[in-house]
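**Q** Now for the letters of each chain:
There are 2 protein chains.
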Amino acid sequence: MSPINSSRGYAIHDQKDYKNFKLTDYELKREQADDVTVHVECCGTCGSDHHTISGGWGPFVAPFCVTGHEIVGEVVQVGSNVKNLQVGQRVGIGAQSSSCMECKYCKNDNENYCPVAWTDTYQGKYPNGDFSQGGYSTHVRAHQQFVFPLPEGLRSVDAASMLCAGVTSYSPLNRHNIGKGSKVGVVGLGGLGHYAVLFAKALGAEVVVFSHSERKKEDALKMGADEFVITNKGFEEKYKMSLDIIVCTSSSSSLPLNEFITTLDVGKHFVFVGMPEDEWPSLTSQAMAPNGAFVGSSHIGCRTEILKMLDLAVEKNVKPWITTRPMKEAAQSIEDVETGKARYRTILLQDIDREVQA
Amino acid sequence: MSPINSSRGYAIHDQKDYKNFKLTDYELKREQADDVTVHVECCGTCGSDHHTISGGWGPFVAPFCVTGHEIVGEVVQVGSNVKNLQVGQRVGIGAQSSSCMECKYCKNDNENYCPVAWTDTYQGKYPNGDFSQGGYSTHVRAHQQFVFPLPEGLRSVDAASMLCAGVTSYSPLNRHNIGKGSKVGVVGLGGLGHYAVLFAKALGAEVVVFSHSERKKEDALKMGADEFVITNKGFEEKYKMSLDIIVCTSSSSSLPLNEFITTLDVGKHFVFVGMPEDEWPSLTSQAMAPNGAFVGSSHIGCRTEILKMLDLAVEKNVKPWITTRPMKEAAQSIEDVETGKARYRTILLQDIDREVQA
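Protein chains in written order, with the working numbering: chain P, 842 to 1199; chain A, 842 to 1199.
Hint data in this document are derived by calculation from the structure and do not stem from the laboratory.
Have a look at the derived ranges for each label pair, beta carbon to beta carbon:
1. P:Asn1073 / A:Asp858: 42 to 48 Å
2. A:Ser1123 / P:Asn1073: 24 to 30 Å
3. A:Leu1148 / P:Gln856: 56 to 62 Å
4. P:Leu1062 / A:Gly994: 55 to 61 Å
5. P:Ile1071 / A:Ser847: 49 to 55 Å
6. P:Glu1068 / A:Asp858: 50 to 56 Å
7. P:Leu1062 / A:Ser1123: 34 to 40 Å
8. P:Asn1073 / A:Gly1065: 47 to 53 Å
9. P:Glu1176 / A:Lys945: 44 to 50 Å
10. A:Gly994 / P:Asp950: 41 to 47 Å
11. A:Asn1018 / P:Met942: 25 to 31 Å
12. P:Asp950 / A:Asp950: 25 to 31 Å
For each residue, glycine too, the CB sits at the ideal point set by N, CA and C.
My request is simple: use the sequences and hints to build the entire structure.
**A** Dropping the structure here:
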């Protein structure tokens, strides 16, 4: 069998026409010893896909863009350094496909913050100039550090969106030691928010979902939320200094951030896990001092967190709320993200001819 | 001897004329079983004094204001519940004089964040309606929880400003586990900043002082700072993701906050310890995500931290940089704060007639 070095994917070529996916053939990044090549089985649609193709996060890095970084597939080729993954194995790939592997962050479970050679799974540029392209495609290639064996108990369509949305919500819960006895606030119930609820519950915490409307109340409670709160005037009073963390998945500029801050216990954290394009509401020391709370952001998760999360998902039978579509309906999937219609993640199923080997 | 229930202090009666201190007689708060009455020996001048009397933090709570919450003095009277402090003992009082003592924060070393009955040492209002007045005076009364025995090895004039400025800078270092091997950034070298340097060094950390001008370089290095950095364009590059905490004592709106954020290690904290009157520069998730850092504020410290700090000060021979003045020069001391001339804390020495007993 000749080596696999190319892929065929649904690509956006023009950010002004960002729902016009065109089937496009392209070369994968040049293979290195640590690379794993995966044939895509399915791929989730993430808010990042929309931000990227619509230009919200700036112009394309590569000449075109194949989105998708919630990928499940089968290993079809491995580089000479790859010892722990075999051809035929089912694996996942998330939003990151490489890092420098040398810096202190890469060595202390913070490779998701590597400042040297962070490479996105799509629209990433490798040090050698090659581009990465994502999982709305037949094949994806990534460094073995960012390719995760999937436990048997997890269906591919359920695992897919855990690899970005899941771990993005799980990582702050993990890093802030959320568990039994903790009280977690979740702001916004979309793809990320629904995972924040599911994983916080799986960790044994009490969960309060905050939303600006009653629309998703029933869903939140079905997911296991203990309380659902509409952020009307004065909503924060009942929760004064009671929450151990707030995981916020909402856009930021219109958020009652100063009110939310008052609901945090002393020294606790309000964590934006999405990547809204707008600025945070303004903050003052006066508003922040009464409970010494903190506001910050978080960026996906590291390998050890992804593996821990996958094990937790099996152990606690965490089931994401997903719908599936064939990959050719990518434009519709993006539109569902854009309009907030996705309930709560769309997983695109492989439908491209598998025979694209060079 | 008749009981002591009144005081004489230098008071501001009009926020529009906020350097016009008038010697004023007044009743202390009504004594309760946990109260300790202290004859003032000396009292530091804090930025809070200026913010309060000039109206920057809003109108007075009480009819007039005797500032001063960095108080050292001698116990002259104790309530019936006070077991661990004796008349004649040398003690300190900081910025807080009471709290509810019942809530979970009061019970877990977070009484400095008590949301139920936090009472400032001056311009505080007790549940019974009485007002607190501060240490530019002969006598101050506070709940025993907020009256600290001073170790012998510490001079009164050195201890005074530790009780607010000192612990305000020490508390975040303590709560974020700063010690040997840590790298601490200090932004702004005033009263608080100089304590951040002294205590970070006493804890064994490496210290980088950031300032907008070279003016205080020599002082910073004499205090023990390992590096002094002028915040010119690009200053942050050398420190990318290297600091374990930044203690910021500067005013906020003109601060290169987004640049400072990039100097924090993953998940670390930028802590405003002052109470600037202005808003923080705007922040975005994009700016905060690359290192998952946090921004927040901190509010003085709790009793156990104050006691730990005082012991550390003796053990490591921490010497604040102070100047002293007679208390009648309070207006000049306030002006030195206002113009940034204080190097680095002014301690007012008792000069009022001691005989003001009722």
